[in-house]
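Engineer: If you read the protein sequences in the order shown, they are chains S and X. Residues in the first sequence are numbered from 1 upward in steps of one, following the working numbering. Residues in the second sequence are numbered from 328 upward in steps of one, following the working numbering.
Quick caveat, the hints were computed from the structure, so don't treat them as lab data. There could be a bad hint or two in this list.
[Unchecked claim] SDA-like, lysine to any residue: derived pairs with alpha carbons at most 25 angstroms apart:
hint : chain 1 : residue 1 : chain 2 : residue 2
1    : X       : Lys645    : X       : His482
2    : S       : Lys195    : X       : Glu594
3    : S       : Lys21     : X       : Gly759
4    : X       : Lys646    : S       : Asp28
5    : S       : Lys173    : X       : Tyr523
6    : X       : Lys646    : S       : Ala94
7    : S       : Lys21     : X       : Ile600
8    : X       : Lys645    : S       : Lys173
9    : X       : Lys646    : S       : Glu113
10   : X       : Lys333    : X       : Lys645
11   : S       : Lys166    : S       : His219
12   : X       : Lys645    : X       : Arg723
13   : X       : Lys646    : S       : Arg135
14   : X       : Lys646    : S       : Lys173
15   : X       : Lys646    : S       : Lys166
16   : X       : Lys329    : X       : Gln373
17   : S       : Lys195    : X       : Leu551
18   : X       : Lys645    : S       : Leu136
19   : X       : Lys572    : X       : Ala616
20   : X       : Lys470    : X       : Gly366
21   : X       : Lys646    : S       : Arg138
[Said to hold, decoys possible] Here are a few chain X residues that sit away from chain S, every Cβ distance over 10 angstroms (derived from the structure):
hint : residue
22   : Gly457
23   : Gly529
24   : Arg531
25   : Thr673
Every residue, glycine too, gets a C-beta built ideally from N, C-alpha and C.
Residues per chain are reported as follows:
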Amino acid sequence: MSLPVIPNVNETPVVTALRRKDLLSIADLAPDEISLILDTAEAMKEIGLRPIKKVPALRGKTVVNLFFEASTRTRTSFEIAEKRLSADTLNIAAVSSSVAKGESLADTTLNLEAMQPDMIVLRHSSSGACHLLSRLCRSAIINAGDGMHEHPTQALLDAFTIRERKKRLAGLKVAIVGDLLHSRVLRSNIYLLTKMGADVWVCGPPTLMLTDVARFGVHATSTIDEAIADSDVIMLLRIQLERMEGAFLPSLREYFNVFGMTEARLRLARPNVIVMHPGPMNRGVEIASEVADGPYSVIHDQVANGVAVRMAVLYLLVGGVKHETAA
Amino acid sequence: MKRLLKRGRVVDPANGIDGVYDVLIDGDRIATVGRDLPGDGATVVQIPKGFIVCPGFIDMHVHLREPGQEHKETVASGTAAAVAGGFTAVACMPNTTPINDNANVTAYILARAAEAGLARVYPIGAVSRGSKGELLADIAELKKSGCVAITDDGHPVATALLLRRAMEYAEMFGMPVIEHCEDPSLKGDGVAHEGYHAATLGLRGIPGACEALGVERGVLLSELTRSAFHVAHMSARASLRAVRKGKEAGVRVTCEVAPHHFTLTDESLVSPISYDTNVKMNPPLREAADRDAMLSGIADGSVDVIATDHAPHHYDEKKVEFDRAPFGIVGLETAVSLSLDRLVHTGVIRLPRLVELLSVNPARILGVAGGSLSPGTPADLTILAPDLQVRIEASRLRSRSNNTPFDNWQLRGGVAATFVGGRPLFVDPDAGLVV
Numbered sequence: 001m002s003l004p005v006i007p008n009v010n011e012t013p014v015v016t017a018l019r020r021k022d023l024l025s026i027a028d029l030a031p032d033e034i035s036l037i038l039d040t041a042e043a044m045k046e047i048g049l050r051p052i053k054k055v056p057a058l059r060g061k062t063v064v065n066l067f068f069e070a071s072t073r074t075r076t077s078f079e080i081a082e083k084r085l086s087a088d089t090l091n092i093a094a095v096s097s098s099v100a101k102g103e104s105l106a107d108t109t110l111n112l113e114a115m116q117p118d119m120i121v122l123r124h125s126s127s128g129a130c131h132l133l134s135r136l137c138r139s140a141i142i143n144a145g146d147g148m149h150e151h152p153t154q155a156l157l158d159a160f161t162i163r164e165r166k167k168r169l170a171g172l173k174v175a176i177v178g179d180l181l182h183s184r185v186l187r188s189n190i191y192l193l194t195k196m197g198a199d200v201w202v203c204g205p206p207t208l209m210l211t212d213v214a215r216f217g218v219h220a221t222s223t224i225d226e227a228i229a230d231s232d233v234i235m236l237l238r239i240q241l242e243r244m245e246g247a248f249l250p251s252l253r254e255y256f257n258v259f260g261m262t263e264a265r266l267r268l269a270r271p272n273v274i275v276m277h278p279g280p281m282n283r284g285v286e287i288a289s290e291v292a293d294g295p296y297s298v299i300h301d302q303v304a305n306g307v308a309v310r311m312a313v314l315y316l317l318v319g320g321v322k323h324e325t326a327a
Numbered sequence: 328m329k330r331l332l333k334r335g336r337v338v339d340p341a342n343g344i345d346g347v348y349d350v351l352i353d354g355d356r357i358a359t360v361g362r363d364l365p366g367d368g369a370t371v372v373q374i375p376k377g378f379i380v381c382p383g384f385i386d387m388h389v390h391l392r393e394p395g396q397e398h399k400e401t402v403a404s405g406t407a408a409a410v411a412g413g414f415t416a417v418a419c420m421p422n423t424t425p426i427n428d429n430a431n432v433t434a435y436i437l438a439r440a441a442e443a444g445l446a447r448v449y450p451i452g453a454v455s456r457g458s459k460g461e462l463l464a465d466i467a468e469l470k471k472s473g474c475v476a477i478t479d480d481g482h483p484v485a486t487a488l489l490l491r492r493a494m495e496y497a498e499m500f501g502m503p504v505i506e507h508c509e510d511p512s513l514k515g516d517g518v519a520h521e522g523y524h525a526a527t528l529g530l531r532g533i534p535g536a537c538e539a540l541g542v543e544r545g546v547l548l549s550e551l552t553r554s555a556f557h558v559a560h561m562s563a564r565a566s567l568r569a570v571r572k573g574k575e576a577g578v579r580v581t582c583e584v585a586p587h588h589f590t591l592t593d594e595s596l597v598s599p600i601s602y603d604t605n606v607k608m609n610p611p612l613r614e615a616a617d618r619d620a621m622l623s624g625i626a627d628g629s630v631d632v633i634a635t636d637h638a639p640h641h642y643d644e645k646k647v648e649f650d651r652a653p654f655g656i657v658g659l660e661t662a663v664s665l666s667l668d669r670l671v672h673t674g675v676i677r678l679p680r681l682v683e684l685l686s687v688n689p690a691r692i693l694g695v696a697g698g699s700l701s702p703g704t705p706a707d708l709t710i711l712a713p714d715l716q717v718r719i720e721a722s723r724l725r726s727r728s729n730n731t732p733f734d735n736w737q738l739r740g741g742v743a744a745t746f747v748g749g750r751p752l753f754v755d756p757d758a759g760l761v762v
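Generate coordinates for the entire structure from the input sequences, incorporating the hints supplied.
Structural biologist: Here's what the structure looks like:
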């Protein structure tokens, strides 16, 4: 494992080992790249504990946070990460942009691109939107969630949180429960955890199962007790409240009865199990409040670690390349 | 004017001909097909060894986009693409703006086609007024003004009742009902074949059953009404099963398959690049078992026709997020090379069968001229150079749009020349044929 790369003002920045311009998906990443990001995030986390939470790693770099979907947690997390690295940041939300005037994503992006940003962080409701940007732009593109496809930084922060608690990823039994079909968090987590050697179980009603799930290299079941038995990690996915409309679910009440994570169910897992949720939570649907607020929950750690992981990604994609700054 | 095509391999399955013959064209008609015909007075065209002379190809599923969507294609650009692709005639779908559900639109299309003077154009009228699926269009009027079939293509006919009535009514004029087979509720917001690749990309799926339900419905209604029913752009193995079952039971069902559905699979969603909107079409590229079923149906005769579903879209419309892009790809200028490369050279079928799929059967199903080289018929011919090395270049297509997934493909076999009404309207300069 490579040593943590510390973006210290007094040191010459190390050239990034990420073999890419963009972070579009976990599916593209090699295991050593994932390790590099997680190791770097450890160093980044320390910065957040300093009295002065700022380093100049991205000084003079312009980062555009282009969000076409409502997001509080992810956008805020990216923005804090960018500011802690001294980047100049700009937030564009779809409602206030020219998208409302009918401009295409390609045109919006090329106009932004003309202003020479270094990086665009994109959240979009269409799967593959960041792939389109990647083909159009010189800037580095970070996928902050694209449709039902991937949410790579979420999986990285989840892995960071698991590693922090369990000291490893390989060999852990991780049960992921919820709306599998529509979840970008699930896809990124499957790719990441299987690449790192975890034993991944996915669980949800057959109406919300991934097509051809066996090819994803995971165990799939609709029996919650089987999924969580002796698990080291339980990850719950949000159930969208509109899922009754496509007849995916009869009712939220029934979902909670069959799949909801309760304290009673939790006893099937290992005694030191951790419970995760990418948020926003539906209490009483996928997770009982007692579990969300209980001792096994690491939900707030996930949010805290999100900043460190995003700092690591930003740094490794842009900050890692040679600086012109006379620091 | 007379033209004598000397010593080509003439493949005319309707007349049981496959051998080296001369073809004499007199004016706009075929005069004779025979051995060592005298050249007296005729312009002699030496057909290079190995080239194939066959009845003109007819693409019975084309979107010419005119009137109303001229930024995608016009009758002139679409028929230029057709002759460049070896098609002497095309049947054009009614989902223009406005919909071709009346004599005025049909007459407009035919006038544009006459002006262009390229491939023959056979308009297909709408089943329902505005293709809205409520009231029948004036089908007798459509027939009288030149429509050869009816369809609400783009969508299935809205209800089983309306489809039944359309079949019963159109049968009076000998017109087939062509159906875009699909169950709308199963399609939902789907944008790609429901399979592993769509699942990895987070794209909403369209299962094969969605199409097969529509095929089953049509076959049952065709049996009920004893009317001709044609399945457009078939893609799913379950659909083929339904067609075979229908044919075995004596139902008057026919079907077509597009070249992309016998060539590509849903793996194109991720390779060579992900989310390429030029692999988005409806029905979608399906999995290998479906593609292989289409090949087997082509080989065993269950599939009647190869038709392109030529669906031009402007690059602005395709340069968007995958789920927002329109469905469809252009096909007129790639179909013949794909068919030769993927069907003939691989041994799936032999040339006479290819001519049936591209000429004989579409002419028969639509009840239009062509499909044979019988003396006295219009001199519509396609001349193939079956070993020509062809490189598809999207930017050089005659179509006004270039939305093809086959850009830069190298294929074996192409069109050397296309004759419509005795006139050589396309000659490939690289093929080595001098007309």
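Engineer: Would you mind confirming whether the straight-line C-alpha gap from Lys195 (chain S) to Glu594 (chain X) stays at or under 25 angstroms?
Structural biologist: 22 angstroms, holds
Engineer: Verify the proposed pairing of Lys645 (chain X) with Arg723 (chain X), using a straight-line Cα cut of 25 angstroms.
Structural biologist: OK: Lys645 (chain X) and Arg723 (chain X) at ~18 angstroms, within 25 angstroms.
Engineer: Would the pair Lys329 (chain X) and Gln373 (chain X) pass a check requiring their Cα atoms to be no farther apart than 25 angstroms?
Structural biologist: 14 angstroms, holds
Engineer: Would you say Gly529 (chain X) is clear of chain S, with no C-beta pair closer than or equal to 10 angstroms?
Structural biologist: It is violated; Gly529 (chain X) is separated from chain S by about 3 angstroms at its closest Cβ, not greater than 10 angstroms.
Engineer: With a cut-off of 25 angstroms on the C-alpha distance, tell me whether Lys173 (chain S) and Tyr523 (chain X) pass.
Structural biologist: With a Cα-Cα distance of about 24 angstroms, the restraint between Lys173 (chain S) and Tyr523 (chain X) holds, given a limit of 25 angstroms.
Engineer: Lys21 (chain S) and Gly759 (chain X) were given as a pair; does the straight-line alpha-carbon distance stay at or below 25 angstroms?
Structural biologist: Cα-Cα ~47 angstroms, so violated.
Engineer: Given the hinted pair Lys166 (chain S) and His219 (chain S), is their alpha-carbon gap at most 25 angstroms?
Structural biologist: 21 angstroms, holds
Engineer: Would the hint linking Lys645 (chain X) and Lys173 (chain S) be met if the CA-CA limit is 25 angstroms?
Structural biologist: 43 angstroms, violated
Engineer: Are the Cα atoms of Lys646 (chain X) and Lys173 (chain S) separated by 25 angstroms or less?
Structural biologist: Violated, at roughly 42 angstroms.
Engineer: Below or equal to 25 angstroms on CA atoms is what counts here, so check Lys646 (chain X) against Lys166 (chain S).
Structural biologist: Violated, at about 45 angstroms.
Engineer: Could you check that no beta carbon of chain S comes within 10 angstroms of the beta carbon of Arg531 (chain X)?
Structural biologist: 8 angstroms, violated
Engineer: Quick check for students: does the CB of Thr673 (chain X) sit more than 10 angstroms from each CB in chain S?
Structural biologist: Holds, because the least Cβ-Cβ distance between Thr673 (chain X) and chain S comes to about 27 angstroms, which exceeds 10 angstroms.
When the structure is compared with the earlier hints, violations turn up for hints 3, 8, 10, 14, 15, 17, 20, 23, 24 and for no others.
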